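Dock chains D, X, H, A, U, B and Z against the given chain L, drawing on the hints supplied.
8 protein chains.
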Amino acid sequence: MTGTEDENIAARSGGDADWARLDLDRAGRTGDPEVIFGAGKTPEQVVTLLRQLGQRHGDRAAYATRLSAEAMTAVAAELPRARIDEVARAATLGPLPKPYGKVAVISAGTSDQHVAAEAALTVRCFGSEPVRINDVGVAGLHRILDARAEFDDADAIIVVAGMEGALPSVVGGLTGTPIVAVPTSVGYGASFGGLSALLGMLNSCAPGVVVTNIDGGFTAGVHAARIARRRPA
Amino acid sequence: MTGTEDENIAARSGGDADWARLDLDRAGRTGDPEVIFGAGKTPEQVVTLLRQLGQRHGDRAAYATRLSAEAMTAVAAELPRARIDEVARAATLGPLPKPYGKVAVISAGTSDQHVAAEAALTVRCFGSEPVRINDVGVAGLHRILDARAEFDDADAIIVVAGMEGALPSVVGGLTGTPIVAVPTSVGYGASFGGLSALLGMLNSCAPGVVVTNIDGGFTAGVHAARIARRRPA
Amino acid sequence: MTGTEDENIAARSGGDADWARLDLDRAGRTGDPEVIFGAGKTPEQVVTLLRQLGQRHGDRAAYATRLSAEAMTAVAAELPRARIDEVARAATLGPLPKPYGKVAVISAGTSDQHVAAEAALTVRCFGSEPVRINDVGVAGLHRILDARAEFDDADAIIVVAGMEGALPSVVGGLTGTPIVAVPTSVGYGASFGGLSALLGMLNSCAPGVVVTNIDGGFTAGVHAARIARRRPA
Amino acid sequence: MTGTEDENIAARSGGDADWARLDLDRAGRTGDPEVIFGAGKTPEQVVTLLRQLGQRHGDRAAYATRLSAEAMTAVAAELPRARIDEVARAATLGPLPKPYGKVAVISAGTSDQHVAAEAALTVRCFGSEPVRINDVGVAGLHRILDARAEFDDADAIIVVAGMEGALPSVVGGLTGTPIVAVPTSVGYGASFGGLSALLGMLNSCAPGVVVTNIDGGFTAGVHAARIARRRPA
Amino acid sequence: MTGTEDENIAARSGGDADWARLDLDRAGRTGDPEVIFGAGKTPEQVVTLLRQLGQRHGDRAAYATRLSAEAMTAVAAELPRARIDEVARAATLGPLPKPYGKVAVISAGTSDQHVAAEAALTVRCFGSEPVRINDVGVAGLHRILDARAEFDDADAIIVVAGMEGALPSVVGGLTGTPIVAVPTSVGYGASFGGLSALLGMLNSCAPGVVVTNIDGGFTAGVHAARIARRRPA
Amino acid sequence: MTGTEDENIAARSGGDADWARLDLDRAGRTGDPEVIFGAGKTPEQVVTLLRQLGQRHGDRAAYATRLSAEAMTAVAAELPRARIDEVARAATLGPLPKPYGKVAVISAGTSDQHVAAEAALTVRCFGSEPVRINDVGVAGLHRILDARAEFDDADAIIVVAGMEGALPSVVGGLTGTPIVAVPTSVGYGASFGGLSALLGMLNSCAPGVVVTNIDGGFTAGVHAARIARRRPA
Amino acid sequence: MTGTEDENIAARSGGDADWARLDLDRAGRTGDPEVIFGAGKTPEQVVTLLRQLGQRHGDRAAYATRLSAEAMTAVAAELPRARIDEVARAATLGPLPKPYGKVAVISAGTSDQHVAAEAALTVRCFGSEPVRINDVGVAGLHRILDARAEFDDADAIIVVAGMEGALPSVVGGLTGTPIVAVPTSVGYGASFGGLSALLGMLNSCAPGVVVTNIDGGFTAGVHAARIARRRPA
Amino acid sequence: MTGTEDENIAARSGGDADWARLDLDRAGRTGDPEVIFGAGKTPEQVVTLLRQLGQRHGDRAAYATRLSAEAMTAVAAELPRARIDEVARAATLGPLPKPYGKVAVISAGTSDQHVAAEAALTVRCFGSEPVRINDVGVAGLHRILDARAEFDDADAIIVVAGMEGALPSVVGGLTGTPIVAVPTSVGYGASFGGLSALLGMLNSCAPGVVVTNIDGGFTAGVHAARIARRRPA
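Chains as they are written, first to last, in this note's numbering: chain L, 222 to 454; chain D, 222 to 454; chain X, 222 to 454; chain H, 222 to 454; chain A, 222 to 454; chain U, 222 to 454; chain B, 222 to 454; chain Z, 222 to 454.
Excised from the complex, chain L in its bound form (with noise of 0.2 angstroms):
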């Protein structure tokens, strides 16, 4: 998520960009795609950084993430054939990888939408299929039980919660597909910023629940379609 120098991008590209970094090696190491990470980027920087890459790498998807509203609009009049995801706050330039095995994204209520949004099409940009299942919160053990079959296909199990971070424990408890969960910065006074969604998912009782940091769904987004795309086409 750190990034090359504009003098680095300049040299390589014949270019002039000077304030930027791009990990141009990582892909061909991992299989993932380009990745540009947004915050505290101008719109000029994104627009510039998604159009290198997608001249330079024109065979796969360029992944702008954590864009400001800005950024979201000089995209889409400089860049017509990038996609925005207005929920998520990102844009994908070029073809998404053929996506292998299926991860679900699981969520509570509509303040946790970017985040669960941002892990869900972070899976299909890293090689895989996200099945966004809603309206699921703790204090309704009825609609858990009945989301149940849903993600019981999964290869891999993202749950997004903020407040008390109590959901990862109440599916982990009716599953064994490896589950990432997500705290999110939703909450008041004593949630301090998901600190308290951080630490009770770092103590969840369910076993094998691994954890990202605060809002974290590119993280979740990448682990769990790593997983998933092992899966046998």
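Note that these hints are calculated values from the structure, not bench results. Fair warning: this is a prediction, and the values are worked out from it, not measured in the lab. Incorrect hints may appear among the rest.
Unchecked claim - Calculated lysine-lysine pairs in the DSS-like style (CA-CA distance at most 27 angstroms, straight line):
#	chain 1	residue 1	chain 2	residue 2
1	A	Lys319	U	Lys323
2	B	Lys319	Z	Lys323
3	Z	Lys323	B	Lys323
Coordinates of chains D, X, H, A, U, B and Z only, in the frame set by chain L:
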């Protein structure tokens, strides 16, 4: 839980105890039993205080909490009419009040048993009937659903849990009865001595869940008994 | 406080709302009103949800909390039968339930008024009668003693305080009525956004004091109303 | 990791154990072994639980973790067919499952060996083959590069590290295999019992690194085995 | 509270002490006694330092604080003219200064007695007269009102309290005398070793309440004595 | 700093103010001025409260603290006899008390000037004479030594410092006068909003240093004035 | 970074500046430039201070750090001979010292560029030659190995990193040159404003890595320049 | 500080050690001695590792740190040519390097002596000459000024302090020599195990002060020696 300095006790009782403190007025104000907070007191201090209270208030219960193993042994040896609850780490002396209403005390596992037992005994000493519901963990939904019949009849519910502290949220989604959540210090690593469970419960997505200090079985028992004993006999 | 994703609402109502979540089943389970958690929702979302609930459950109250000024304005303009409580930052629509019992809501100063008002309105929406007792600070003992007559008659007591959060301990020393303490984010410096008051209340030396999240007027109101409404009419 | 209260065990086994809890249903649901969480249990409790599970589920492994030295001695003396892993502080009884796939368990030094060994044994008990790769520290790049061949063949990678917790980031830069990072409590001063390593891993700049609780070798082993055992035999 | 390395002491005294440090100049600057901070010193070191100070400054008090039981025993055996205060865990040697003014030392219960006694003895050693007022808890308003007559005559007030640390706010509402609040480490769970009381006192709503470190009876005693001894004889 | 709700004020004054709180009794008890805590109050509220106090207690000062720029402008416009201190962000109305004794207010740089000015003005309003000593930083020993003559004559010393909060320790090594340390929120990064300075001051190695909340110039001023005004005229 | 109050400046310069502080003596003591800490100063204050220093110490550099965009604009307009470094957010005026030795400044990505640029400019102002090495991330080992030749020649190394702060450990494993690690506030969620990187660096397993405050480019630059400039010319 | 797993050592040495790890390559890279981090190792492990290093690298020093009393006794008994430093809790074996330059190690009192001694011995082992300056506390300015002559001649300065950690700021105001600050865990209450000193040093107002982990005498010694040994002989 604070106390009368020794000279006061000495003055009132004509004795020579010089190390402790009992709030002799509270019970008159509130209808509650006399309570001795045993933490940090020697076995001798606990025995003397229980004996004094027994002599002075023979018609009412005296209740000593947070006793060490040594203090429980000393009380058993010196005060044969005292009742020891080794799991709750507590002792009572004198007639318990007539119980009104019921309080369900729900917990998951053996690790939380001390806190749950303290909550249950406190409920009893403060004038209600505790009903223990064990073996209810957030990772086992069917057991929770089974337990629902058991707690639907209660006037108040105490939920005791460590680790991620998610159980009150799940129980809270099933009932309109007042719930008190008790975080325990059970866990390791990022449970930080119960902080994880405490934060989880404070951020519960189930409406109306209130919380005690970590390992606050006594507080929960007092609160819940005061709710339940309002039920007409 | 979590909710049904928009497609679900749409499916159930035949409408087109696609961004929110309402737990339509909880009320049936608990006797509570429908609640819309307004934080993070647009004015349009709040209006639409209130309208839907009003149409579907005309015999029961809908209650929207944590509204922005814009949301309150929009509700007032679009739903003339809605009632706005600007101090509580909330709105209600439809008939409130018949109140049973009384809940005293004690607070010290104007800084805590939003949280105290939310607690009081929540008490009313969940079926009990709130009684506001203002101007009670821990540094003014005579006022507290004066207020005692006012809260001795209550079925439950909510104490709202910021800064050091000491008020519940003082009130708790005067009564045997169940007390819920609400820490507020009022303060500066080492109040750390309400952490000081939260810790103070969790460590109260008065027996039976239970605590909500910081600024948790809603939680306190639900809990206290559920206690008080048990009183026979 | 929570458990069945004693009366349940008693009911099922006809015995009189009254202090423990085993989730006898989970294995049926997930394909996992029976697990006894040994922390806080007496040697007698551990022995009794292992014996019961061995009798009831002779065709499946029972696995007891976080055992004290006394508990390991007692198990060795009472259950001669049990296998003790002193470094992992664990015991197993009964046939281990046929392993599918491979999990690399990477650690730096002797200080982290207990956590790494617990992770490896857990991998084995949950149905995959652990491959230990030791002596890999972030301050020794050549050793990491050497180890690459060893972990490139794995289906999942567990990286165990204390202090600054940087090793998963370095490993993550070299591979597209799913990585689980385990922070350990090894360190002093501002490591704050593993908090430093935990935060470092949560903020890893390498994509897709997920994290367990501090000293969470068991969690990592479960998660990784569930990934690896999906590999067709 | 820091100190002179042994060679310095040796140089000054012609002796052979080689492990400690005494600020021999401070007293001349401030009128205060010589102080030995006993924490982390062996009984032998404490005895030697007290003896040296007694020989060199026979006209002034030497005051050793934070002594272990072993150190108190050694001082009693080796220095028969020393006075031991077992509750304050301290010893004095040589003539105490003539006291000026009065300092009220208010505390609630036996748990805080060590800190209150250290504060009181420090007041005496630094030249004022301590007046102990015990059995004053925030949950017992009438006792506080009774105590008012006792502390209204003081030149400074020290209030010692653990748990929620609310007592200074209540006392501060009744008086215009300077108040120093001392948080103690008494409590459990979310008292976090005195952090709860410390934060509570720092956020006191009573004007002019200043605070010491946790268990800072020595600091409070020095500060209050310096206030009180300004009173003309 | 808490207050009387508006209806109370209205009742007492026959007026219609309905939003604020003033402790009209404290001054009688303590000899202190009336104080309006301006944070969170509108300019209109501040003006009305000051006017009411001025009318009712014309013989005594009213003192409004923590005023916004808007509130200061409004006070200046509406109450021409009020005095505005823009650095202290405060206003006074009516005759200040005759000052007794002196309080030195020591600070290092311009960043701390608001807090130091609030401390100084508070000293004056509570009946003593402040003496400002600026430009004294812990990294400039000669300036501290120069300032010694200036603060040796004071009855109490207030030391204001941000960042590492070391200045009180250095000053405390030079004097036997009572010292109050005020940590400020000046700093960045790991100063954590003044936490670093707060902890530094609480752990001062100089004896007798007591501490206020972060940015607690008001508290320090009240405490120090109460010390200094005891000096006979 | 603290300073001389305005009256002092006025006295020394015959001017009328009354709001700032400069330590005019330090440079004489240390050979360092005059530094103006721009945070919290108005553009006018920055300009005036720079102009004064330029007039008084024309033979030495003045260096203003942490400038707002407005301050940089004002300096450029008012002091045409000043040099602005927009990335470092700083300005210099007057001749820079002759540089001795070299300091490598290593950073990973564009997010850290402000801190790295401030470190580099500070190195230059304090008398050494900075060499920027960009695009070095912990997840890209080959780039680090490539950079080794670049930093092996340096007299000191500054490593700037956010997120998990692992880069100094990796660099430290490759060299015996003194290393200063600078954690940055770059990151999200559980990076907690740079705390994660700070703790990671403090716990580095590479020997001899010392650390600055979060975003402490200035501190690192001063320390490293003082090392490097010792090299004989 | 990490290490080679036993099998590696065994493979390289033909021996049978099976529990430890030594980075045999680092010294060749950096010119530093071999270091054994003794914490968590048994006396036998320490002895064996020291012996192996002594045999393999007889021309270079081996240095074992953080030894328990038992380990020091074992080393003294088994390796008569080893030198034990009981205050530093360390042992060395083999010829120390020729020292270049000087490092002043400043500390205040006996409590910090272990950390200061470890820093000094580390300086010596890494090739420079330590000069101990004791009895320098922030509350005693004259002693600091006296010590100035002693440290002005040094190539680097290490300042060791606990409690508020203010000493580096005072020293830093007097010199332009590179300073490394070492916070110690000395203190109580809100020192939080050295956190107070750590934060104080990170926020030092003196320019160029860099910081180690709590009790990081080893880190400081390595860093300072690497600075000082650059001085031409």
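Hints versus structure:
| no. | hint | result |
| --- | --- | --- |
| 1 | Lys319/A <-> Lys323/U | 25 angstroms, holds |
| 2 | Lys319/B <-> Lys323/Z | 25 angstroms, holds |
| 3 | Lys323/Z <-> Lys323/B | 22 angstroms, holds |
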